[in-house]
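Protein sequences appear in the order of chains Z and X.
full-length UniProt numbering puts the first sequence at residues 1 to 388.
full-length UniProt numbering puts the second sequence at residues 1 to 102.
No wet-lab data here; the hints were simulated from the structure.
Any given hint might turn out to be false.
Said to hold, decoys possible - Listed below are the simulated DSSO-like cross-link pairs for lysine-lysine, each with C-alpha atoms no more than 27 Å apart in a straight line:
#1 Z:Lys223 <-> Z:Lys299
#2 X:Lys3 <-> Z:Lys230
#3 X:Lys95 <-> X:Lys54
#4 Z:Lys230 <-> X:Lys54
#5 Z:Lys299 <-> Z:Lys230
#6 Z:Lys299 <-> X:Lys18
#7 X:Lys11 <-> X:Lys45
#8 Z:Lys118 <-> Z:Lys104
#9 X:Lys18 <-> Z:Lys230
#10 X:Lys54 <-> X:Lys3
#11 X:Lys73 <-> X:Lys45
#12 Z:Lys216 <-> Z:Lys262
To be verified - These stretches of chain X come out as covered by chain Z in the derived footprint (C-beta under 8 Å, 3 or more residues):
#13 2-9
#14 38-44
#15 64-78
Glycine included, each C-beta is placed from N, C-alpha and C at the ideal position.
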Amino acid sequence: MPSSQIFLSLYKVFGVEENMNSTSTHFVPPRRVGIYEPVHQFGMWGESFKSNIGNGNMNTPSHIIIPANNQKLDNNLSEETSHGTAGTPHMFDQEASTSRNPDKIQRRLAQNREAARKSRLRKKAYVQQLETSRLKLIQLEQELDRARQQGFYVGNGIETNSLGFSETMNPGIAAFEMEYGHWVEEQNRQICELRTVLHGHINDVELCLLVETAMKHYFELFKMKSTAAKADVFFVMSGMWKTSAERFFLWIGGFRPSDLLKVLLPHFDILTDQQILDVCNLRQSCQQAEDALSQGMEKLQHTLADCVAGGQLGGGSYIPQVNSAIDRLEALVSFVNQADHLRHETLQQMYRILTTRQAARGLLALGEYFQRLRALSSSWATRHREPT
Amino acid sequence: MDKVVRMSSEKGVVIFSKSSCCLSYAVQVLFQDLGVHPTIHEIDKDPECREIEKALMRLGCSTPVPAIFVGGKLIGSTNEVMSLHLSGSLVPLVKPFQANLC
Chain Z
1 MPSSQIFLSL
11 YKVFGVEENM
21 NSTSTHFVPP
31 RRVGIYEPVH
41 QFGMWGESFK
51 SNIGNGNMNT
61 PSHIIIPANN
71 QKLDNNLSEE
81 TSHGTAGTPH
91 MFDQEASTSR
101 NPDKIQRRLA
111 QNREAARKSR
121 LRKKAYVQQL
131 ETSRLKLIQL
141 EQELDRARQQ
151 GFYVGNGIET
161 NSLGFSETMN
171 PGIAAFEMEY
181 GHWVEEQNRQ
191 ICELRTVLHG
201 HINDVELCLL
211 VETAMKHYFE
221 LFKMKSTAAK
231 ADVFFVMSGM
241 WKTSAERFFL
251 WIGGFRPSDL
261 LKVLLPHFDI
271 LTDQQILDVC
281 NLRQSCQQAE
291 DALSQGMEKL
301 QHTLADCVAG
311 GQLGGGSYIP
321 QVNSAIDRLE
331 ALVSFVNQAD
341 HLRHETLQQM
351 YRILTTRQAA
361 RGLLALGEYF
371 QRLRALSSSW
381 ATRHREPT
Chain X
1 MDKVVRMSSE
11 KGVVIFSKSS
21 CCLSYAVQVL
31 FQDLGVHPTI
41 HEIDKDPECR
51 EIEKALMRLG
61 CSTPVPAIFV
71 GGKLIGSTNE
81 VMSLHLSGSL
91 VPLVKPFQAN
101 LC
């Protein structure tokens, strides 16, 4: 349970939200809520909280949970209200005695007021503690973001936290993630449309337009990635913006061009001899280009590793090595761009070789392939969440 | 620049690169895969590196390295080579310079 959620439950437990009229489940800072509640509710604020209020350690919030045992609370109540009187008479005895003596009633009321006052003060102090801790939590989460930005692995940085703050501090990457979300939506819409028209009747001119739109949509993604790579090349390279199954097949920040051909080609049964030859040549040249880039990437990895491991390891200094590595990382941006260029050209060549109808079927097949990968990712994720 | 003209006009495939440039290495690998042994000029090892860079840019290269010349003619950089290859036009271009394997 994330720390921020613990705060939400704690606020609920202490009745801070109860005074709100709205049905909103959003956390509301206690300042806006009437903290001062009727006296009888303060029976809950027993002695058990005294020790926890002074405790500023937010790493152990579990210590601040109210004991569910009401018996304990009643005992505390009697302890509170009998403050100052000799001994600790049983509650029922006290009630019996006050009905006969008006002075005792007054004293009882004064003690109640005092207990209530102290309880309010304790509650106020405790709520203030929670507030400070909440702010500290936000701060820590932001630091965590910064650490992620710098490449330290601290888990998946895509999801927003429960307090609604954006996870990433890099505006370029935040923009890309948002745009990519829209891109996928549009992609799904186009796939639907292609499916509909291919099962129905559509003239070649209109189909051509659909195909061109779909092609441009892929090219648009490559442009987006190029901009994102300049903002944070590691982010693009990691494929964190894709689903887990897609990431499994990742090659230099995206899908393998040769995979694209492998997915598409079985769907074209009627090809002319020229088409068969062209497709054959394309497969070969695509594979060769891919291999060349892969080997270039390997060399870059070796160079980078040598760079980082350069000089003395164990001496505690690393600034010159890190700086030198940063210089080399510019090359990574070029590789991502080059890989996307290869994807672009592969799509372009397929479009040139195929007829409009074949291209439409190909784009539909490709789109559905990626949809299946995304579906696989979510199925896999929920599979793990099911109780065994 | 005379030096660049001279170097680029050498027979066969000429690649201007830098020892640190991994993309140039990728291009090299591609040509080797096609049976061609390109002549590599690592300009960072040349004292006139900056002038060579400027000359290459003036000739029309978007980036100074890698710059690929085939038969004295400028092909371009990695982008152009990849596009040519995928369209099937690169192999005919380098055919005269393919090493005889027999």
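How the hints compare with the structure:
no.	hint	result
1	Z:Lys223 <-> Z:Lys299	26 Å, holds
2	X:Lys3 <-> Z:Lys230	34 Å, violated
3	X:Lys95 <-> X:Lys54	30 Å, violated
4	Z:Lys230 <-> X:Lys54	24 Å, holds
5	Z:Lys299 <-> Z:Lys230	21 Å, holds
6	Z:Lys299 <-> X:Lys18	13 Å, holds
7	X:Lys11 <-> X:Lys45	22 Å, holds
8	Z:Lys118 <-> Z:Lys104	21 Å, holds
9	X:Lys18 <-> Z:Lys230	22 Å, holds
10	X:Lys54 <-> X:Lys3	12 Å, holds
11	X:Lys73 <-> X:Lys45	23 Å, holds
12	Z:Lys216 <-> Z:Lys262	21 Å, holds
13	2-9	violated (count 0)
14	38-44	violated (count 0)
15	64-78	violated (count 1)
Violated hints, in rising order: 2, 3, 13, 14, 15; the structure is consistent with all others.
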